[in-house]
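Asker: Each chain, letter by letter, is given below.
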Amino acid sequence: MDFRTVLPVGSSAPDFEATLLEAGEPVKLSEYWKKSDVLIEFGSFT
Amino acid sequence: MAREFAPKGVEFVFLYTREAHPGENYPAHGSFEQKLAHARAFRAEFKVERPILVDDLTGTAHKLYGSLPNMTYLIGRGGRVLFRADWTDPPTIEYAINYVLNSRSRRRDGLRLAPFYAEFVGYRWNDPAKFQEGLARAGQQAVNDFSQAVEKRSKQSIRPGRIELPE
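The listed protein sequences derive, respectively, from chains A and B. 1 is the number of the first residue of the first sequence in our numbering; add one for each residue after it. 47 is the number of the first residue of the second sequence in our numbering; add one for each residue after it.
Hints are computed from structural coordinates only; laboratory data are not their basis. Please note: incorrect hints may appear among the correct ones.
[Said to hold, decoys possible] Not everything, but these chain A residues come out facing chain B in the computed CB check (under 8 angstroms):
(1) 30
(2) 39
(3) 41
(4) 45
[Said to hold, decoys possible] Anything over 10 angstroms on all C-beta distances counts as not near chain A; from chain B, calculated:
(5) 183
(6) 195
(7) 198
[Claimed, not checked] Rough simulated footprint, nothing fancy, chain B against chain A, three-plus residues with beta-carbon under 8 angstroms:
(8) 2-16
(9) 31-38
We put the CB at the ideal spot given by N, CA and C, even for glycine.
Build out the structure end to end from the sequences listed, making use of the hints.
Answerer: Right, dumping it as structure tokens:
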């Protein structure tokens, strides 16, 4: 499975841009880890 | 938990991906606007207070991090992956974050610490009835698709990389 081989712990987290729902504006994940640790949960309604 | 850890320097965010179990009520996203609408519905239904980052329609972020439906990642300040899991379980997250915070505190006490690699088997709370409710909320198609997938999986041998342990 992809998850097992991609991104082992200790590696650099890849940056990406996503849309911040509240603001409707783009935001980069790195903006968060520049200021603090970040706990990200991935998911969807279903 | 987000509120508990915010003053300790850990920010919690949610990354909204493609629908894990699309159905008539919540189909696969045909447009980015639809994905945003689903994310808003998610925020309202589950009263999510964390920032919600909506991935683009092609799933760029989701793929970068491994494509599973409900992963957790802890990224340290500066951008290093400190913890990752193929599911999300609150007690496990709390454990992982406290491990990192405690290690830092030991270092501040003057101990020399060096990073090393570790893995562990996680255990998540599993409620099949609630899960089925969730599928029904997505639509009958989601219910049918899942039961077909279970059917198919029971005929296969153990998938490589999958953890199957006796209870």
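Asker: Looking back at the hints listed earlier, which ones does the structure fail to meet?
Answerer: Of the numbered hints given earlier, the structure breaks just one, which is hint 5.
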